[in-house]
Each structure stands twice: as C-alpha cells, then as structure tokens.
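> Chains as they are written, first to last, in the numbering used here: chain U, 2 to 356; chain B, -13 to 299; chain E, 1058 to 1562.
Since the hints were derived computationally from the structure, they do not count as laboratory data.
Beta carbons: idealized from backbone N, C-alpha and C, even for Gly.
Distance windows between CB atoms, simulated: (1) F142/U to Q(-9)/B: 31 to 39 Å; (2) L30/U to I279/B: 39 to 47 Å; (3) I1189/E to I(-11)/B: 57 to 65 Å; (4) Q253/B to K1180/E: 55 to 63 Å; (5) N1179/E to I(-11)/B: 44 to 52 Å; (6) P1456/E to L30/U: 31 to 39 Å; (7) E185/U to Q(-9)/B: 50 to 58 Å; (8) L1186/E to F127/B: 44 to 52 Å; (9) L30/U to G129/B: 50 to 58 Å; (10) S56/U to D1428/E: 53 to 61 Å; (11) F142/U to E1385/E: 23 to 31 Å; (12) E185/U to D(-12)/B: 48 to 56 Å; (13) L30/U to K1201/E: 43 to 51 Å.
Below, a list of computed lysine-lysine pairs in the DSS-like style, where the Cα atoms sit at most 25 Å apart: (14) K296/B to K1170/E; (15) K218/U to K1431/E; (16) K13/U to K1445/E; (17) K1441/E to K1461/E; (18) K1201/E to K234/B; (19) K296/B to K1461/E; (20) K1427/E to K218/U; (21) K1461/E to K218/U; (22) K1067/E to K1224/E; (23) K1445/E to K218/U; (24) K13/U to K1461/E; (25) K292/B to K1201/E; (26) K13/U to K1441/E; (27) K84/U to K1461/E; (28) K1131/E to K296/B; (29) K1441/E to K218/U; (30) K84/U to K292/B.
Spelled out from the first residue to the last, the chains are:
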Amino acid sequence: MIRIEPREMPSKWWTVGIPIMSALVAILLAAIPLALAGANIFEAYTQMAKGIFGSTFAFTEMLTRATPLIFTGLAATIAFRAKLWNIGAEGQLYLGAMAAVTVGTGLIDAPSFILIPVILFAGAISGAVGMAAPTYLKTRFGADEVVTTLLLNFIIIIFLQMMLEGPLKDPMGMGWPQSEPILENGILPQLIPRMRIHAGLIIALISAGLVHLLLSKSIWGFKTRAVGENAPAALHAGINVNRTFMGAAVVSGAIAGLAGVSEVAGLRGYLTTDLSPGFGYTGIVVAMLAGLSPIGVVISAIFIASIFVGADTMSRAIGVSSYLADLVVAISLICVLIGGFVARYRFIRTNKVNA
Amino acid sequence: MDILQILLNESFWAATLRIATPLIFGVLGALICEKSGVLNLGIEGIFVAGAMAGWMAVWFGFTLWMGLLVAVIVGGTFGLIHAILTVPLGLSQHVSGLGVTLLATSISYFTYRTALPKLSSPPKIEPFQPLDIPYISEIPFIGLVLAEQTAMTWLALFMVVLVWWILNRTPLGLSIRAVGDNPDAVDAQGLSVYGLRIGAIVVGSSVMALGGAFLTMSAFDSFFFGMVNGRGWICIALVIFASWRPGKALLGAILFGAFDAFQVRLQTEVGAFLPSQVFLMAPYVLSIIALVIVARRAEYPRALLKPWFKGAR
Amino acid sequence: MKNTQVLSLKNLSKRFGSVVANNSVNIELYRGEVLSLLGENGAGKTTLMNMLFGHYLPDSGSIDVLGNDGQMRKLVLGHPQASLDAGIGMVHQHFTLAENLTVLDNILLGSEKLWAWRHDRNKARNKILKIIDRTGLSAPLDEKVARLTVGERQRVEILKALYHEVKILVLDEPTAVLTPQEADALFENINSMTKDGLSVIFISHKLREVLKFSNRIAVLRHGEKVGEIATSDANERVIARMMVGEETIKNPRDKIQLGNPILQLNEVSVKGDSMRTSLNRTNFTIHENEIVGIAGVSGNGQSVLAKLISGLIDPDSGDLLIEGENVEYFSPNGMQSLGVGRIPEDRHHDGVVGAMSVAENLVIERLQDKDVNKNGFLQNRAIKENAKALIEKYDIRGPGIDAKASLLSGGNIQKLILARVFECKPNVILANQPTRGLDLGAANEVARHLLEARGRGAGVLLISEDLDEILALSDRIMVIHNGSLIETVNKDREVIGLMMAGEKI
Chain U
2 MIRIEPREMP
12 SKWWTVGIPI
22 MSALVAILLA
32 AIPLALAGAN
42 IFEAYTQMAK
52 GIFGSTFAFT
62 EMLTRATPLI
72 FTGLAATIAF
82 RAKLWNIGAE
92 GQLYLGAMAA
102 VTVGTGLIDA
112 PSFILIPVIL
122 FAGAISGAVG
132 MAAPTYLKTR
142 FGADEVVTTL
152 LLNFIIIIFL
162 QMMLEGPLKD
172 PMGMGWPQSE
182 PILENGILPQ
192 LIPRMRIHAG
202 LIIALISAGL
212 VHLLLSKSIW
222 GFKTRAVGEN
232 APAALHAGIN
242 VNRTFMGAAV
252 VSGAIAGLAG
262 VSEVAGLRGY
272 LTTDLSPGFG
282 YTGIVVAMLA
292 GLSPIGVVIS
302 AIFIASIFVG
312 ADTMSRAIGV
322 SSYLADLVVA
332 ISLICVLIGG
342 FVARYRFIRT
352 NKVNA
Chain B
-13 MDILQILLNE
-3 SFWAATLRIA
7 TPLIFGVLGA
17 LICEKSGVLN
27 LGIEGIFVAG
37 AMAGWMAVWF
47 GFTLWMGLLV
57 AVIVGGTFGL
67 IHAILTVPLG
77 LSQHVSGLGV
87 TLLATSISYF
97 TYRTALPKLS
107 SPPKIEPFQP
117 LDIPYISEIP
127 FIGLVLAEQT
137 AMTWLALFMV
147 VLVWWILNRT
157 PLGLSIRAVG
167 DNPDAVDAQG
177 LSVYGLRIGA
187 IVVGSSVMAL
197 GGAFLTMSAF
207 DSFFFGMVNG
217 RGWICIALVI
227 FASWRPGKAL
237 LGAILFGAFD
247 AFQVRLQTEV
257 GAFLPSQVFL
267 MAPYVLSIIA
277 LVIVARRAEY
287 PRALLKPWFK
297 GAR
Chain E
1058 MKNTQVLSLK
1068 NLSKRFGSVV
1078 ANNSVNIELY
1088 RGEVLSLLGE
1098 NGAGKTTLMN
1108 MLFGHYLPDS
1118 GSIDVLGNDG
1128 QMRKLVLGHP
1138 QASLDAGIGM
1148 VHQHFTLAEN
1158 LTVLDNILLG
1168 SEKLWAWRHD
1178 RNKARNKILK
1188 IIDRTGLSAP
1198 LDEKVARLTV
1208 GERQRVEILK
1218 ALYHEVKILV
1228 LDEPTAVLTP
1238 QEADALFENI
1248 NSMTKDGLSV
1258 IFISHKLREV
1268 LKFSNRIAVL
1278 RHGEKVGEIA
1288 TSDANERVIA
1298 RMMVGEETIK
1308 NPRDKIQLGN
1318 PILQLNEVSV
1328 KGDSMRTSLN
1338 RTNFTIHENE
1348 IVGIAGVSGN
1358 GQSVLAKLIS
1368 GLIDPDSGDL
1378 LIEGENVEYF
1388 SPNGMQSLGV
1398 GRIPEDRHHD
1408 GVVGAMSVAE
1418 NLVIERLQDK
1428 DVNKNGFLQN
1438 RAIKENAKAL
1448 IEKYDIRGPG
1458 IDAKASLLSG
1468 GNIQKLILAR
1478 VFECKPNVIL
1488 ANQPTRGLDL
1498 GAANEVARHL
1508 LEARGRGAGV
1518 LLISEDLDEI
1528 LALSDRIMVI
1538 HNGSLIETVN
1548 KDREVIGLMM
1558 AGEKI
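Excised from the complex, chain U in its bound form (with noise of 0.2 Å):
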C-alpha cells in the first residue's frame, strides 16, 4: 500500500527542478505524435533547434514571440498569487491594443518620447479596466471570476471586430478589417538593426523586476499574498480583501493591456483581430511553469517561446502540423501540475495489509 504525506520542508531544489524536468518531459512525449505523424523524429527536433538557434535572426524571432508571453505571464502571476483567476488576459490583451490605436493612430501626435508613453499608459489603463469590471462582479455579487473572464474573451474580441469595421477601420485597408497604422512617433524602437525584436522586451523584463519587487517587497504585494493564501484571515487581520482583489485585479489586466500595446507598437503598427494567437491563454501555462514566480515568468515565456517558433520551422521543413507546439505547452503545463504535487508530497511505501 502506498501513503502520501505532505513534505515538511519542500527543498529549494524542486521548486526549479520540477520545471525543469516538466519541461524537459513535454518535449519528450512530443516524439510519440511526431512518430505518429510519420516524421523523422531526429530531423524534426534538429529543424526545432535550427529554428530557435539557428541564426541570429531566428534567435531574435524567438525573444519577440517570447514578448507577448512574459506580460501575459505576470498578468496571470499576480491575479493568482491572490488567487483571482484572471482567465481573461486575451480579452484584456485586445483592450490594450484597441486603446493603442486609438491614441496612437492620430488622435494625438507628439514626439516620441510623449507618444510612446501616452499610448502605454492608455493601453494598461484599458486592460486595468477589462480585468476591473470582472473584479467589480466578483466582489460586489459573488459571480465567479473564472467563468466572467473567459466570457469576456469572446465579447472583446466580438467588439474589436465591430470596432474594426465602424470607427477603428482603416480607410485606406482595400475593405480588411484592420485599424490604421500607428504613427511613426509611437512605435516602439527596434533594438536590432533589421531584427524585428522591439523595445516591448525591455518594457516587459521591466515589468518582470516590478513585480518580483512588488510581490516580495511591498506591503501591497504582502497584502496580495496574504489575501491569495488565506482570504479569511487577511480579512480577519484587517486587510481590505475586495481592495486587495481589487488592486490585484488592476495591476494584472494593466500589464496584459501592455501586451497588446506591445504588439500592436512593437511589432504589427496596426491592429487585427489575428494579434494574439492565443498569448492570454498561453500566459496562464508560463505562469504556472513558473511556480507564480515573476523572473521564473522571463525564463517559461522564453521556454514556451522557443516551443512555438521551433515547431514553425520543424512544420515548414518536414511538415509536421505547428499545432504540435499547443500539445507541447499543454503537456507541459500538466506535467508540471504533477511535478508541483511530487515536490509537495512524498510517497511513502507501507507494509502490506495483513490479512
């Protein structure tokens, strides 16, 4: 018979070891639908590496993707470090691009050094709200966050498409659904010459070191923790946990808003409602790959990154379908959850049952 009792003392080791390992194991266990697709298992995992290693371009392509990854990882850090289940990072990602064109497109022009800024703030502002508004419910009504967040996804992409054929449209767009380029002055700087790696990166491990800070640091992210671990008695100490939520809640959508600022400045200049293939819901695997940590956040969402960018390259050299990367991160996200059990308990063989 075998028991399972809780550790007492986790050891520092398994907090990144597990991820590690999970991660390690996904790629793995991709072997079985390649063999199944019939590809050369070899050559597939060689093209994968070409594609993150390869070249520097092929390198920086990687960081891009791994951009969007690392807001929309924090975002989810947060709101479940107090243990609000902010599913809606995609919907808040859309809102804070949405509100980057429409500051960014000509509404007004400054120079860079306002116009970056501007378009910045109005994007968190926007996704601080599509992450409130949800808060707002939960608190005030009691209606389940998850369910409100994961609905909202699909009303903001539903009014992004509306907003794309009435006020937002390009008119010079030849009919496609799409905004206006955003002006010269907003678009975030290229770090490399001919590399389509942007400013959004530093903007996003910026964030990382905010987070880390604030979390650990401040009362604010004491509070947040206190909340997320224990809400009954936060309340009981008297911390403010609707307050508590509800800054959780802000500071989350803010920084999924700036993923969507991110793209749509840093990478696309104009807005569709093909952006985010996905990011929000990415987010939430790069967060929990990341133990909730926000520097572990920059190492999953570069993980992850390379996990998308190499299948793209494995699926045009031997095509092998790129939807191999989506069971990759899911396969790594469950291994992890069980690597994250194994590291909490341990099994412990007993004696047989006398009969």
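Assemble chains B and E onto chain U, guided by the hints.
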C-alpha cells in the same frame, strides 16, 4: 414580422431546440462533475475533442452511432486525466481543467491537421437526419417543432430525465450528491470518495463530448477550427444558473437557445440599424448577466473545489 | 461485569515520522459496557481509533473482534470496510453528515447496493422508526440536515450507526457541543442501548462525565496506556493525575478593583444566519480589570458577537462603545486601532496565513506601523528582529521565523496569535474559544496571558464552550442562548447548565 410572430413560429422553436441541444449535453456533463464536488473546466476542450473524434470516426467509415461512441470514449479519457489530477492528487481544479482544455484542443487540432493535411475546404460527412417518429409529428405545433430534431436532440432530452432519475432516485445518485457536500460522510459509510468522484468526472466528461459531437454530426456536417467558440464556458455559467438541477439545466439551455434563435431573427429585422456583432456578443453578455443575477443565491455544492485526502481528517 | 469480550486491541503501535502516536496499547471491551478513553489532546486517542476504523494501518499489533459465531476473529487492518462489516461504528466529533440530504437519506447512504435502480425508502424508514422506538433517539427523518440543531445531528449520527447494526459504538467527545442537560439525555439513551447489548467506547477529557457515565476508564498519555480503573474506584483527583502526570496547576486569580467601563453594548441587534444565531437587543458592559465569560452551547449567537467585536460585521441597531466612545465604522482595522485585540475561534482558518512565514504572520495586523511599513515597502530587517524577540518571549516553538506558519503545532500557532495580540497592549480583548484543542500547558499559557492583561487594566470578553474554563477565569459570567445574553447571579454549575439550555431561572 413582430415579436409575437417570431415566438409563434415553429421554425423558431425548432431552431431553439437545435441550439440548446449541445448546451443540454454540456450542462448535464458539468452538473454531474460539480455535483460530485469537482469543477471541470476541461469542458471547452472536451467539446472540441468530441466534435473532432466523432466526426473523424464517421469520416473514416464508422456509422454515426459508432462515431458517437468514439466521441464518448475520447471525452471520458480526457475526463479521466482531469479526474486523476484533481481527485487523488488534489491539484487545483481551475488550472487542471484549463490544462485539459489546452490538451484536448491541441490534440484534436493536431490530429485533424495530421490526418487530413492540406484540404482547401473541410470535408463533409452525412450527419444525423431529423427523426421521423410516427404520431409525434401529428401533434399540433409541438409536433412540427420536434419533427425537425435529430436523434441526438432526443438523446439529450432523454439524458435530462436519466440524470435526474439517477441523482434523485438511486443509491448511486445519493452517494454522488453526498460526496459533493461532505466527502467525510461518504467515507465514513465505507464508500470510496475517489471512486465516486473519478466516476462522476469520467461520465460527466463523456456526456460533454456528446455536446461537441452534436456540432459536427448533427448541426453541421464538418469539423472546423474554433467551432466550439466558448459553448463550454457558457455551460459552466448555465450550471450555476440552473442551481445544479437537471430540470432547470434543461430550462436554462432552452431559454438560452430561444434567446439565440430570437436574436438571429431580430437581426434580420433591425440589422440595418445595429452592427451584426451586437447580436454575436449577446449570448456571452447574457451568460454573464444570468451569472450575476443568481450568483449570491446559488447554493454551491459545499465540497466544490475542495480537494479531499484519505485519512487527513 | 466481566462477561463476553467483544473487542481486544493487542499491542497496537503507530509512529508518524519521529513521533510515537501509540506505543503498544492494549485495550479490551466487554458486551454492554461503557468504556471511557481519557487523555489530553495529543495523547493518542484519535490515532488509536483511526486504527480501529481502518483509516490508519498500525505499525505493529492486532485487533480481535467478536464474530457472529461467537468467536474472536482477527480484524483485517487498514480497511475501513472490514471494520464496518465487523460492526464497529463511530460518531465523530465533526459530524460526517451531508447537509444537503435529508436525515433519512443520510442514514440510507452506503447501506444499499450502489447500482440499484431505485431506493427502498419505506423499508428503511420502518427499520429506523423501530430503532427510534427502542432507544428514544428521535430525529425528523424528512428534514434536511442543514436545518437541524447540533444535538439533533448527533442523534442522526448515532441512528446511522445503529441502522448499520453496530455492536461497538465509539463516541468521540460527544458532549462538546451539548448542554449539560442534553448530555444527560444522551447518556440516558446510551444506557438503554447498552442494555440491548451494545458496547460503547466513550472518548472524552471531561472528568465529571466520565465518572458519571462509564463502567471502566482507560487513560492514555503520550501514546501509551498509563492506567485502567473501574469507575467505581475512581475519583477526579486520581484520573487527573493519571492524565497529566501531575496535579493541574491553577492560575492564581487575585481580587482586583474594577476600573471604568471599557466595552459597552447598548441594545445591539445583529442578524445572523437564523434567529438562533442572531444577537437580539444585547446589553452588557465590561470594565477595566475584568474578565467576563460568555458560556453557552455553540451556535447560539457567539460567532455573531465575536464577529461584531472583531469588526467583521456591522450592528443592525444599537450602539457599541469602547472607552465611552461610540464606534461608528466597523472594520477589523478600526477595531484594532481602538485597542481591541482579537483571538479568533478558528485559529487555522482565521488566525494565521499558513503559507506565509512566522515572521510575516507576527506583523500581519500592523502593516501600517512605521517599523513595518516604510513608504509602502516592508522593513524586512525590523520584521525579523520583531519575530526573533517574540518567539523567545512567547516560547513559540517550530522550525524558525522563516518557516511557514502551517508547520507549527496548534499550540504554537495559538502562541503566535497571543504574541501578536498582546504585544499591542490591547485594552479590550476578545478571546473566542482560546484554549479549544490545546494541551494543558498551552491552555495554561493562554489563561496566564488573559489574567495578566486583566491585571494591567484590560477588559476581557471570554467566549468558551468549556464551562470549567469560564468558571476558573471569569469575574462575571453571562449565558448566551438563542442570541440573548443573561447574566448569572453566581457560579453554580447546575444553574448555568440549565440557563445554557434556555431554562428561565
């Protein structure tokens, strides 16, 4: 055509029932899981998997009913993954459910792309046809509404009765209701908390998969990406709206279907004044409003979301 | 009394890691007797019973149960079903009832074939009615358990066991939630059941009841059986010494002159979940240098009263005055700043954030203080210094100040809360069930701190289910019943017991 005319039209009610059918399966499936104390956010992915697996089985030569069986087995398998993660391992039901959704969705898409690469238009199957039951179609009004339904809608209606009976009239149902309220009560009587919960999740997930299968095998005749489009999440909202009662779940799904069918018809009337997206948004907005209205009064199963470990009392 | 043996625990041992929970325990039980199992918290009673019920697997030893054929048979260990089949039933301290089901359904649960197509409720109902006839245990069969009182729920638990035709019934602290009179009625019922041949193991730490209702007493200490005695040969002193190994130390309580009123409630009404748990036009005053005890069976308005004084809820009407000042806004923060220290009833649920460190939990109520909070950032060095000083001063034992609070034992968590509360030198202290589940040492520590606070001029509101604790510590005693508070004239246990049951004296 005014509103009354819409409501008195058989084709409106036939459409209502058609839209409601996948939701009935979904809500019943979610209800079975939640009654046992486990939230199953894998529903969205299980819908996709059920839709893809059932359709593909038929595409590769299975009969429609065999296709449904395949969908049920696939749904149950993803349910089993969720069950293992959340019941004996006691992991976060939220995160595990989302993980199952990601997994089921990506496996379905990958399989579809791998099995049917490079198709310009989605291939079609011969779906379920409206079931011609003697006498029923002769009933005025209702008969005409029902005559347009396929066997799957009838199956959904039968499932409502079946689930209600099992939950309220059998020892098994009693045990499931008890395990969702106080697992210790079940454990103290020598019943297996793990067994009941795992069983409920697997069965519930199988029922959810039928909802997905309805989309590709009855409502439409092909599979395409993004076709589930949040229906699973709407079911999660509807379960709360239905206070975890099968009868109310049916009512909720039909109300929802009626609203959806109504807005489509309204759109043709007033579409000139409002952008079409307003109508597309409506179901999701409606779900949120319904949730807000009932949230405070909802009597959640007391053990919902709470992991239970053997011997940790 | 020596007739047929029905149960024999032989050399049962169980250790958890380095902790010995039970060491070679031997216990016999005979038909128709009531055996009391006495011991402090942590003495190993629960572990022993969990082995009997197959929830834990013993490291060594065996259990024999009388079979239907009249022979003693070895019980299959580690299998709850085997224990149930052998006719062993238990009424837990925390009831194992599903509140969304009716009484009948709760009793029915697990007694039928799982895969049957329908219930046979009528047959079950008749069988239960017969049991009710025979024992006098009554319960409304078609009512949902959620609507029952605690006493009724307990009777349902016993009915459930009898329905399953148990031969051995274990009652785990059955009177903790009952008034003395309800408890007497329970023992009345048990007496008639033992005449039918039922054997009862009665777990308790209340000496008085044990002496009154059992035939034999077995005492556990530190996981070992330290003594066994026929009840007729025992008295309180003898067993108390067996239990704790020494005479209990009583805290000295000297007479103190009362000061000014420090906490006053004028006509305060607060709505609870039901009439019973609401506060109804309550008036009382607590003075400086005074401990006022609130006695009563839980679920009679105590938690609403505690929530009010903790600042968690607002009164619907009436005034609450602290040091003569009317309180306008009710919030936990506001109450703290008015000098109210609060020891919560459920220390794990409301007292500490288990996943945060001991050091962090020690400052969680002082987040706006300058030594903790500088421009919105935590002063980690000061927080650690504070923690080091307090674990020393309050003797909080555990893996250290950076360890998670959840790793502390119940007693040490309570000491952590005491440190947090008493370091702020509160003028009013709300102590809600402050010693529940604590061992004698930790309980004495709590009492010492409360008396110390009284000594330096604080007013204490002590809410407790333990009448002995209230009698020992309080200057004045009020009884709460159905949301109404009535002051007692003296410390007569019998009278207070009747008042707890709602009798007008």
